[in-house]
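Colleague: This is what each chain is made of:
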Amino acid sequence: MSASNTILIVDDDADIHRLLAAALAGENYSIQDAYDGLQALSLLETTPFDLVITDIRMPGLDGLELSRRIRALRPATKVLVMTAESTPASVISALRNEALGYFSKPFSLEAVTDMVARALSTPASHGDIEVLSAIPHWISLQLRCKLEVADRLILFVREMGTDLSPDEREDVGAAFRELLMNAIEHGGHSDPSKTVRVDYVRTAKSMIYKIWDPGEGFSLDDLPHAAISNSPDAPYEHMEVREKLGLRAGGFGILLTRNLVDELIYNQKGNEVLLIKYVKKPGETERH
Amino acid sequence: MEISHSEIAPGTVVVNLAGKVMLGSESEQITDRVSELLREGKRTIIFNIAAVTAIDSTGIGRFISSYNKIAAVGGQMRMAGAAHYLFKAFHVSRLDTVFRFYPSVEEACQAG
Numbered sequence: 001m002s003a004s005n006t007i008l009i010v011d012d013d014a015d016i017h018r019l020l021a022a023a024l025a026g027e028n029y030s031i032q033d034a035y036d037g038l039q040a041l042s043l044l045e046t047t048p049f050d051l052v053i054t055d056i057r058m059p060g061l062d063g064l065e066l067s068r069r070i071r072a073l074r075p076a077t078k079v080l081v082m083t084a085e086s087t088p089a090s091v092i093s094a095l096r097n098e099a100l101g102y103f104s105k106p107f108s109l110e111a112v113t114d115m116v117a118r119a120l121s122t123p124a125s126h127g128d129i130e131v132l133s134a135i136p137h138w139i140s141l142q143l144r145c146k147l148e149v150a151d152r153l154i155l156f157v158r159e160m161g162t163d164l165s166p167d168e169r170e171d172v173g174a175a176f177r178e179l180l181m182n183a184i185e186h187g188g189h190s191d192p193s194k195t196v197r198v199d200y201v202r203t204a205k206s207m208i209y210k211i212w213d214p215g216e217g218f219s220l221d222d223l224p225h226a227a228i229s230n231s232p233d234a235p236y237e238h239m240e241v242r243e244k245l246g247l248r249a250g251g252f253g254i255l256l257t258r259n260l261v262d263e264l265i266y267n268q269k270g271n272e273v274l275l276i277k278y279v280k281k282p283g284e285t286e287r288h
Numbered sequence: 289m290e291i292s293h294s295e296i297a298p299g300t301v302v303v304n305l306a307g308k309v310m311l312g313s314e315s316e317q318i319t320d321r322v323s324e325l326l327r328e329g330k331r332t333i334i335f336n337i338a339a340v341t342a343i344d345s346t347g348i349g350r351f352i353s354s355y356n357k358i359a360a361v362g363g364q365m366r367m368a369g370a371a372h373y374l375f376k377a378f379h380v381s382r383l384d385t386v387f388r389f390y391p392s393v394e395e396a397c398q399a400g
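Chains U and X, in that order, give the protein sequences. According to the numbering used here, the residues represented by the first sequence are 1 to 288, in order. According to the numbering used here, the residues represented by the second sequence are 289 to 400, in order.
Keep in mind the hints are simulated off the structure, nothing from the lab.
Cross-link-like lysine to aspartate or glutamate pairs, in silico, EDC-like; alpha carbons within 16 Å at most:
no.	chain 1	residue 1	chain 2	residue 2
1	X	K357	U	E243
2	X	K308	U	E148
3	X	K376	U	E168
Bound conformation, chain X alone (with noise of 0.2 Å):
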């Protein structure tokens, strides 16, 4: 798994993800890197997982790990370009009711 984050706007950051976001040391990252940038003062985060290749249970408890940590200090956390199958995983899980997702950064970006 890749991670790299932007920040786009004053308090927005993009945070892109790449590969698998699977069991394992390398997807800790994402609730670590979260943390960091709500450190930093950021209250948006935008997980841009357009380049995510596969997903599994523990992946996707780690957007909820994000997504509590961000709630918790009344920020937004927003999901960008999903796949048709990775898009398959949060709804299966019931979770596309809880996270926002767009189809590109962009729209992501621009909603409020």
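Next up, chain U with everything else stripped away, as it sits in the complex (with noise of 0.2 Å):
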């Protein structure tokens, strides 16, 4: 990583800054801290940064109006947001000014110092995500086919579902993740001029995604490169078909999704599929 890559961290929390600090200290980035979105505009005024990390709530100008200001005063600025409290609301404010990524506190130093190499590494585009329509309970949005927009959305998804356990929020994070690659490797051919559309729709009961692709679609009984269609005694014999036909090692998003979600149902072309995973209240427990 170029040692010329700027950071301003803006939180009204000193001791953000001390552990934000702490933790891209080794990675040789210039830091400034600000203490409030009026401060941070000030400084960007007359500063142009690579990348900006910013706490939601503080007092005069909160971190989300600040990325919408950032997204018109420096549009090359990447804009990462963090939070304590996570709300679809808030999620939905990022993901229209075209923040980054997403997190929220307490966070792992590890996450967030991959987060931000990420964002460092990642050319500076807009318009990859376009938030379409958007309430708290039903989000649509539409993405260009490129493999990393697939990472960059996955850190919104993650906090769409904070009243999951810990795990539940990992086994939907890597099953979206999963079906929103193939969708753009396979229904749009990694293809940016082309688009995926995603919706998310939270009913009382469950949590839903569903994902269309331009794709020609396909049949679940004819996939012969994919686990899914392994026999139970040859975990991998699928392998050998994508060997043949010079596709990358892999072939286990469905099998893998099938088993991290309650439900996952395919159309009949096959090029949209809707993801459910069951979202049980505190105390209940599942029926069998």
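Build the complex: two chains, separate frames, hints provided.
Modeller: The structure is reproduced here in structure tokens:
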């Protein structure tokens, strides 16, 4: 990573500044601090930063409004949003303002270091994720068919399941990522001129993701290159087919996903899929 | 993803992996490293995956490719230190019936 990468950390909590500075110290970044949104904006007016890491709740100008202003003032500056109280509304706002990533406090220093490195190495691009419509219980997005967009969106998706257990959040995130990667790679051929559409719907008892891709679809009964077709005693025989077809190692996406969420439903054409996770209330046990 | 290795006994190597083993050129290093070690005559390869934080379909595929390479020369592949969520990915893929898993590198080393 270049020593010239400049980062502005914006938070009214001095401890967060110290924590992030310690986490990023080994990377030779040039870091500056601001303690509220207005101070950050004032610095940004005179100094271009490569990356801004901002809290949401701050006196004066909050982090979401700061993100919006950064987008207008410094379109090349990337923004990561952090918060102690993640809500669907703040996730939507961060997406609308093209934040590159979103994470909750308390955070793992390793995860933040990784996110910062990825943000700095991601080419600046606008419009990769477009919010078509959004209310907290129903969000519709259109994404460019770029694999890195899936990794970016997953940061936001994880924040939509804050009432799930950590394991369930990881499971839903991993399942969503696999299916989105399939949609972008196989449905959209990783062609940025094409788009996939993602809908998130939250009902009282479930969390639903719908992913549509522009491809020709497929039949679950005709996927010899996927692990879903393997017999139970030959769990990787599809790899031979993949090798013959020149496909990369893998093919476990649908099998993994089926085991990570409660329902996986494809449409007739096979280019649209519903991923459903049942949400249990605290104390509610699973019925069999 | 970070990768390093050390020879702990003649012909036996521990390959240490850390971070995300996922789609992308980084995870190709796993199979490249295995090929290199096999060329050097190593025949028992222990993957220390205790520090792996995430894996996806491609990542799982890298281990199968490695397994095939190692098996083709009559070698052994062992997996050590898989965290719960990581083992779950191998379990639902039914690969826990193919790969040999051990709680730690030490136990993987001792296994015959």
